[in-house]
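Sequences and hints are given; from them, build the entire structure.
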Amino acid sequence: MYIYLPVAHTSVNILIPIALGLSVGLLSGLFGVGGGFLMTPLLIMLGIPSTVAAATDSNQIVAASTSGTYAHWKLGNVDFKMGSVLLAGGFAGGLVGVEVIKVLKAMGNADFVIKLTYVLMLGIVGSYMFAESVSAIRKRRKKQEVEEAPKADSKVTRFLASLPFQNSPAGSGVTHSYLVPGFFGIFVGLLAAVMGVGGGFLLVPIMVYMLRMPMHVVVGTSLFQILFNCIEVTFLQAFTNHTVDFMLALLLLVGSTLGAQVGTIFGRKLKGEQLKILLAILVLAVTVKMITDLTLTPDLLLGPAGGHGG
Amino acid sequence: MKHNLTKYVVLLIAVLSGFAVLTPSAWAALTLKANHDDIQINLGYHGSTVSVAGISDPSVDLIMKITPASGNAQEKMMRKEREAGILWMNVEQLTLDNVPELYLIKSTKPVADLLDPATLKTEGIGYDAVQSSLRITPTPSPEQREKLLGDFIKYKQSLNVYSQSVGDVEMEPDPAGESYYTVFDWPYQAPPDDYMVTVYAVKDGKIQDKAESPVKVEETGTIKALDDMARNNAALYGTAAIGVALTAGFGVGLVFKGGGSH
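Chains as they are written, first to last, in our numbering: chain A, 9 to 318; chain B, 721 to 982.
Hints are not guaranteed to be accurate.
To be verified - For lysine-lysine, the following DSS-like pairs were computed, each having C-alpha atoms within a straight-line distance of at most 25 Å:
| no. | chain 1 | residue 1 | chain 2 | residue 2 |
| --- | --- | --- | --- | --- |
| 1 | B | K800 | A | K297 |
| 2 | A | K110 | B | K944 |
| 3 | B | K800 | A | K113 |
| 4 | A | K123 | B | K753 |
| 5 | A | K123 | B | K923 |
| 6 | B | K753 | B | K874 |
| 7 | A | K113 | B | K753 |
| 8 | B | K944 | B | K841 |
| 9 | B | K867 | B | K753 |
| 10 | A | K110 | B | K800 |
Said to hold, decoys possible - Sample of chain A residues lacking proximity to chain B, with all beta carbon distances greater than 12 Å (derived):
| no. | residue |
| --- | --- |
| 11 | K89 |
| 12 | R149 |
| 13 | Q174 |
| 14 | N175 |
| 15 | P222 |
| 16 | V262 |
Said to hold, decoys possible - Just a sample of chain B residues kept apart from chain A, beta carbon distances all over 10 Å, derived:
| no. | residue |
| --- | --- |
| 17 | S771 |
| 18 | S861 |
| 19 | D871 |
| 20 | E939 |
Honestly, the hints are just simulated from the structure, not real lab data.
This one's a predicted model, so the numbers in the text were calculated from it and none came from an experiment.
Yeah, the Cβ is synthetic: ideal placement off N, Cα and C, and Gly gets one too.
Below you can see the structure in the form of structure tokens.
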């Protein structure tokens, strides 16, 4: 059964976007990522123009992350204070990132820098998460101390503790100056704007390894932050570029809202290390796919303009 | 004698006039009818077919072409190149002008065997003609242009909006000449627009006759309402899209009662 998409100006089998939404929503509920880095290329493969694929994906992530945030909130896994500070930082970083992109485009090597940054970030984050998770699981098996002792006497810890605006959000169980998540929010916002992605796959490791938040709270808080980011992106894309296909978003969100709930339920049955290692495998798989795409000679030396990495 | 000469001249004029009158009626005029010429895009639309039929002279070959009636468009593409020795990257945005958004062509023989290159180019018949009329900015080198244009046609073919085939036309004797019939698969990727079916009757390397028939493709109902709203009322459209997504996400969350926690 086919349906025509009024903005994409193409026709798709109804079951395909629903199944795509279900799969990516599952990852969203499980790992706290928006899933745009997977969904946008899949939609393009389905014949959706790249600009419409990217914008519509943002629209469906609003639904999936609402569903996921709600599910995690009911489980007490959303740290609203931390999420709000990261969000504010992300907006600021995004503004800076847009300017950086302008400079790169003017220099004529934007695509090269963006893709290289993307592959490097994915590779580093994926490898680190994978190695750390494997190490943690081995330690647990040997019944050794799993959690690393806080380095109370390290210079970095002392410096962080000396910063003003210290706060202990109830959900995260960690104490940080607001400046710390604010700084990381700006960092992720900047990179996300430069790379044209939501930033979930960067934010999750930062919350886990830099802010030392529990994995389940990280997932819920990341979804909360992604929700607001994607609301902004959806509106701007619809208003400025007219590239949001409501019909396609509707099909995707039917699957993704259900997938996000199933992912949350499934995630509760997994330990933090198991979640991290699965996310690491996913990130590494995307890295390998990107490297392959970048190095193999393409069939055509011409492609449609527009779109982003999700 | 003078009277006889006048009689012969009058007779000769009458005979020649008779030939002049008889010749057009001996030639079967080209007719054309495109059936299903008003294609409506509704919710379940997944492409269509357009049959093209008519009468032609038995001695001619036929070329059938479908292109946008309103003229050609502009399209932006990215050119890829190997960077740093190993990575394939988009290195340059190209603007292509005079691009037909749909280009379907069928003929009884290869078009290059029927008409000379100049006529093919003038009439826009065949991929070579499409390529030669495309303008690329910034202007590439001649070798690069040839490669880019070849890739552009392949790209359009992969989207099903360009096709060129030979021999897929049924011809049958008809009291008025010869009837011809063919069916074009109308791709769902072709955007709503006014299109023109053009049939050329070709003989001895020259176009003897030409007939045209329009095909209209338009959106209707919900599809038209959503497309219009996305373009003309973008703020409301964006807000509604976000509102529906929030409601759906929250609604599903309520149904599942928070990830099955309660």
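Comparing the hints with the structure gives:
Distance check on the hinted pair: K800 (chain B) and K297 (chain A) sit about 18 Å apart at the alpha-carbon level, within 25 Å; holds. With a CA separation close to 36 Å, the supplied pair K110 (chain A) and K944 (chain B) exceeds the 25 Å bound. A threshold of 25 Å between alpha carbons decides the hint, and for K800 (chain B) with K113 (chain A) the separation of about 16 Å falls inside it, so the pair holds. Of the supplied pair hints, the one linking K123 (chain A) and K753 (chain B) is violated, its CA atoms being roughly 52 Å apart against a limit of 25 Å.
Between K123 (chain A) and K923 (chain B) the CA atoms are separated by roughly 55 Å; this puts the pair beyond 25 Å, and the hint is violated. Among the hinted pairs, K753 (chain B) with K874 (chain B) is inconsistent with the structure: their alpha-carbon atoms are about 30 Å apart, more than 25 Å. The straight-line distance between the Cα atoms of K113 (chain A) and K753 (chain B) is roughly 51 Å, outside the 25 Å bound, and the hint therefore fails. A threshold of 25 Å between alpha carbons decides the hint, and for K944 (chain B) with K841 (chain B) the separation of about 36 Å lies outside it, so the pair is violated.
Restraint check for K867 (chain B) and K753 (chain B): the C-alpha separation of about 38 Å exceeds 25 Å, so the hint is violated. With a C-alpha separation of about 20 Å, the suggested pair K110 (chain A) and K800 (chain B) falls inside the 25 Å cut-off, and the hint holds. Against the 12 Å criterion, K89 (chain A) stays outside the reach of chain B, whose nearest CB is about 20 Å from its own CB. Separation of R149 (chain A) from chain B is adequate, the least Cβ-Cβ distance of about 29 Å exceeding the 12 Å criterion.
The beta carbon of Q174 (chain A) sits about 31 Å from the closest Cβ of chain B, which is more than 12 Å, so the claim that it is off the interface holds. Here N175 (chain A) stays apart from chain B, with its beta-carbon at least about 26 Å from theirs, past the 12 Å limit. Separation of P222 (chain A) from chain B is adequate, the least Cβ-Cβ distance of about 16 Å exceeding the 12 Å criterion. With a cut of 12 Å on Cβ distances, V262 (chain A) falls inside the contact zone with chain B, its closest approach being about 8 Å.
Even its closest Cβ contact with chain A, about 21 Å, leaves S771 (chain B) beyond 10 Å, as expected for a residue assigned away from the interface. No Cβ of chain A comes within 10 Å of the Cβ of S861 (chain B); the nearest lies about 13 Å off, and the non-interface call holds. Not every CB of chain A is more than 10 Å from the CB of D871 (chain B) (nearest about 4 Å), against its label as outside the interface. Once the 10 Å rule is applied to beta carbons, E939 (chain B) is inconsistent with being away from chain A; the minimum gap is 7 Å.
In summary, the structure is inconsistent with hints 2, 4, 5, 6, 7, 8, 9, 16, 19 and 20 from the numbered list given earlier, while agreeing with the others.
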